[in-house]
Amino acid sequence: MRHQGSSRRKTAVSWVAISFLLCVSVTLLACGSGTSASSSNPLSGNWEITLQRHAHPSPFVFTGFLLQSGSSVTGSMILGGGCQGVGPVAGTLEGANLSLTISEFGQDISLIGTLPPGSPSGSTFVGGAFSSVAGGCADYASTGTWSAVSVTPIAGSFHGSLVSTVNGTLEVAGTLSQGPNTGSSNATLSGTITATSAPSFCPYLSTATITGLISGTTVTLDLFGPNGSLIAQIPATVTSDGSSLTGSYTFPEISSSCVGDTGTLQLTFP
Amino acid sequence: MRAITALSLVLLMTLTACGKGTGTSVGNFAGNWQMTLQRDQTNTASTLKTESGFLEQSGGALTGNLLLTGDTYCAGVGSAQGQVSGSNVAISLNQIGQTINLTGSLGSTGSISGTYSILASPCGSTQVGTWTATQVQALTGNLQGTFTSTQTSGVVYQVAGSVTQAANTGGSAANLSGSMTSTNAPCFSSVSISGSISGTSAVFNLLSSEGVSIGQFYGTTTIDASTITGSYNFLNSQPPPLNGCEDFGTAVVTVKQ
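Taken in sequence, the protein lines are chains A and B. Here my numbering is used: the first residue of the first sequence is 1, the next is one more, and so on. Here my numbering is used: the first residue of the second sequence is 1, the next is one more, and so on.
It is worth saying that the hints were derived from the structure and are not from the lab. Zero decoy hints are in this set.
Reference excerpt, derived from the structure (chain A facing chain B, CB under 10 angstroms, subset only):
| hint | residue |
| --- | --- |
| 1 | A55 |
| 2 | A90 |
| 3 | T92 |
| 4 | S99 |
| 5 | G106 |
| 6 | Q107 |
| 7 | D108 |
| 8 | S131 |
| 9 | A134 |
| 10 | S142 |
| 11 | T143 |
Over 10 angstroms on every C-beta distance to chain B, these chain A residues come out as not near it, computed from the model:
| hint | residue |
| --- | --- |
| 12 | I78 |
| 13 | H159 |
| 14 | I210 |
| 15 | L213 |
| 16 | S244 |
All C-beta atoms in this analysis are idealised placements derived from N, C-alpha and C, irrespective of residue type, glycine included.
Using the sequences and the accompanying hints, generate a full structural model.
Right under this line is the structure:
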């Protein structure tokens, strides 16, 4: 009997130990969980931040990606202030109170704001106030207000058209997907595009693969033909809800009678 | 149970040990600093460099970010790493394009003095010199001020309010927040303050209740953060009810903790 009682106690202790280890394991695993955008991390994503400066009519625009992990916010922005380049962003979100610092290397810009209730991605996030003491980018103190727009990721199929200045209109369809948010100043784009209407007299585009980059609402697309050659580079902008992309294209000469083409590109998702 | 208790004690002791210093008495270098670097063999204001910003201290280790301005081709924010031994300090500032090495010691008044060196870099030739640093007290307290218009002669008005400096996070600047009212100001009766301070440089962003930036005040604070002397401007082109109003001038604001 004494032996059976001891055995039961050992079994109970073993279960307690196993449960404890499981709890610790789950806790440790949670520490390393990913930082992909979710409703609990509303700041993770692609942002376009506009600083409206006091006493200066022209705004500063910063674009790039933020990553939120708990109350910590990190990322990188293409700088729109007096110093050009890409600068790191760091900050905190405590409750609804947001504090960000954009490092321009020449000086830091401090942004504070309040996150409105239920602000999801793809909506305008009414920002707050910014300030910066005089530094290497501007030798005067700067203040003003800021606002930020979250740009919905580009994803999925599209249809659209290339409207040429001389070669008519070419209907197109395809897919375009945005790479993961790594907290960089931009994310990659990849996809395909195919002409769906009757080919024009000059077949500049039949089918192509697409690579590109996106930062804020600014997009660049590179189109590569079936033989891998670059056939067009298209600067474009995307709407903040990710539903529409507009750009201008230039096709190079492909024959003595087809000496190149320019026009506008309009894509709609899906 | 004894084993679990013993294990818990070991874990507790291990965790408690984390972050402990070395036991050696070290000076306190954490805070907001205003530094002046004077190149050797010169003695003019045009050859002064300034560094401003915040240092954090953990035991004998210093980290932070400082803003370099003045006599340099490479103004900007650089990270700081340093070591403290007793009252002596060595700091390496990784500025854009150059590294500035500082060594010095904490004096009885709480200021630091020492020597610095910069090796030749795209920012300039090798140079050495001396430096001093003064810790700036937190800009927190009730404020009162006098604004004197330059735009409209004879217009002088008083302000009152409060300002609070945010915690030291080791950045080149810390946030300021607060509010300010006036009964005789031409451009506002009540504004909220959102600003920054780095060393002795402070800037207030003056915001309406709608969150619109209607004015700014920027200046230099004394090291005890009791007085800020500077300039202000209101350039509010907003329609009613914000009612546009323009004014600029000088201001002196006192802060009492």
